[in-house]
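Enquirer: Respectively, the protein sequence lines represent chains S and U. Residue numbers for the first sequence follow numbering that gives the first Met the number 0, so the first one is 0 and each next one is one higher. Residue numbers for the second sequence follow numbering that gives the first Met the number 0, so the first one is 0 and each next one is one higher.
Calculated directly from the structure, the hints in this document are not laboratory data. Take these hints with a grain of salt, some might be off.
Looking from chain S toward chain U, a few residues come up when the C-beta cut is under 7 Å (computed) [said to hold, decoys possible]:
| no. | residue |
| --- | --- |
| 1 | 14 |
| 2 | 125 |
| 3 | 184 |
| 4 | 186 |
Just so it is clear, CB atoms sit at the ideal spot from N, CA and C, and this is done for glycine as well.
Number of protein chains: 2
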Amino acid sequence: MQAGSPRWRRRSQARPGEIVQAALDVFAEKGFAAAKLDEIASKAGVSKGALYLYFETKEDIFRAVVREAVVPNIDMVEAMLAQATIPFPDLLRLALARIEAVVETSRLGAVAKLVIGESRNFPELARVWHDEVVSRMLAAMSGALERAQMRGEVRLGDPRLQAFSIVGPILLGVIWQETFTPVGAPPAPLQSLIRQHGETMIAGLAPRAGVSS
Amino acid sequence: MQAGSPRWRRRSQARPGEIVQAALDVFAEKGFAAAKLDEIASKAGVSKGALYLYFETKEDIFRAVVREAVVPNIDMVEAMLAQATIPFPDLLRLALARIEAVVETSRLGAVAKLVIGESRNFPELARVWHDEVVSRMLAAMSGALERAQMRGEVRLGDPRLQAFSIVGPILLGVIWQETFTPVGAPPAPLQSLIRQHGETMIAGLAPRAGVSS
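So here's chain S without its partners, still in its complex pose:
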């Protein structure tokens, strides 16, 4: 079979995906500054030269990691939260179950830690993470909260800050796992944390008896 035949082209097209997966692993393990392009290339089974065929800089690779490994999950949570016919408590439970699955099966916590830790030297990481992940997640959550307030299903308040209340403890849990568990702290049980927090938030956001909205 010759180079250029369909099979070879398919293999070649698959490479960016393999590079992204390898890069995610290396970023999660080493951080951004210390991640070596050589190591990403060798993990992905390509030459460093081939890496440069697809990506110009390490920031480009980071952007691809976010777009391919994280953004599809954001799309899904966003679509979930846009459903206006589901009562808010059920909607929140659905969204949190999805977030729980993502957090448990991906290196999301390690990437969040990397962004927080290296944003001073690489502001582009914070910009990409904010624009493509955090702000979209908060907007989707705030939108659902705002609509639920209008339907009288959620107590009145700043929906963006209500979204911070929902998301914050999940961030604390993943940061805990990446930062304190490795130095001997008892683990943060993410599944129990997200579930109990969800029920606490549902109760906490319920409209107050006697307060009309």
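Here the structure of chain S is known, so what remains is to put chain U in place on it, guided by the hints.
Expert: Using the frame of chain S, we list chain U on its own:
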């Protein structure tokens, strides 16, 4: 006046405090790895040699920063949360008002960011921050929640995870200010966030009607 006279000794004893304040500023601005002992010494108005009279390593300086600039605030919140005679909602409001004041007037967010970002290369930072700040804060909060559960003032649940629910959004707010606001994201209004979150948590943790504890 001679060296060795009371005035000179007082001046000399004051130096560790000045070094700690200078170190806090430099750590907050540069991070831990990039903080230079020369810069800390010069900001504190001492020679680098004098710095070594008080501290053997940069980790020692970090420990002193935590003990002198952060731990007294933890002591205060801890003492506040230990008061068993105040109803839980008032206790939480008092503790959050204190935390709000600390967060607004100190570089706590910058130090938290530094710990998260540099724990891989300097696990000692995570260990000190966990042992002297985070675990004490969580234990004080969990203890207050557990006692409130026993008094029937808070719904039953894992008190450590309830404490995560209370603390998480504050962490998100301070990390946001340090990470995303500098790259152009709208600021996280910490005061409004902490107050609204406190009221949401008070409602969310209230005992359920019809559920006996």
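Enquirer: So, for every hint listed, does it hold in this structure?
Expert: Do the hints match the structure? See the list:
1. 14: violated, 29 Å
2. 125: Holds, because the Cβ-Cβ distance from residue 125 of chain S to chain U comes to roughly 5 Å (cut-off 7 Å).
3. 184: Holds: closest Cβ of chain U sits about 5 Å from residue 184 of chain S, inside 7 Å.
4. 186: Constraint on residue 186 of chain S not satisfied, violated at 11 Å.
Violated hints, in rising order: 1 and 4; the structure is consistent with all others.
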